[in-house]
Amino acid sequence: FGKPEEIAETVAFLLSDKASYINGSNIEVNGGLF
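Residue numbers (this note's numbering): 1 to 34.
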């Protein structure tokens, strides 16, 4: 299973200016298991 830090990194990216072009998407953070 994923660690809280790994989820936090994704959340931090989505809150950053680098993710400003992402809109209305489902981002799956599953470690490639599914």
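There's no promise every hint is true.
[What the hints assert, rightly or not] So the derived label-pair ranges between C-beta atoms look like this:
id, residue 1, residue 2, range
1, 4, 32, 23 to 31 Å
2, 21, 1, 12 to 20 Å
3, 32, 11, 16 to 24 Å
4, 8, 32, 14 to 22 Å
Note that these hints are calculated values from the structure, not bench results. All C-beta atoms, glycine included, are put in the ideal place defined by N, C-alpha and C.
Taking the hints in turn, this is what the structure says about them:
1. 4 / 32: 23 to 31 Å: Given about 18 Å between the Cβ atoms, the range is violated.
2. 21 / 1: 12 to 20 Å: Hint violated: Cβ distance 30 Å, outside 12 to 20 Å.
3. 32 / 11: 16 to 24 Å: holds, 19 Å
4. 8 / 32: 14 to 22 Å: holds, 18 Å
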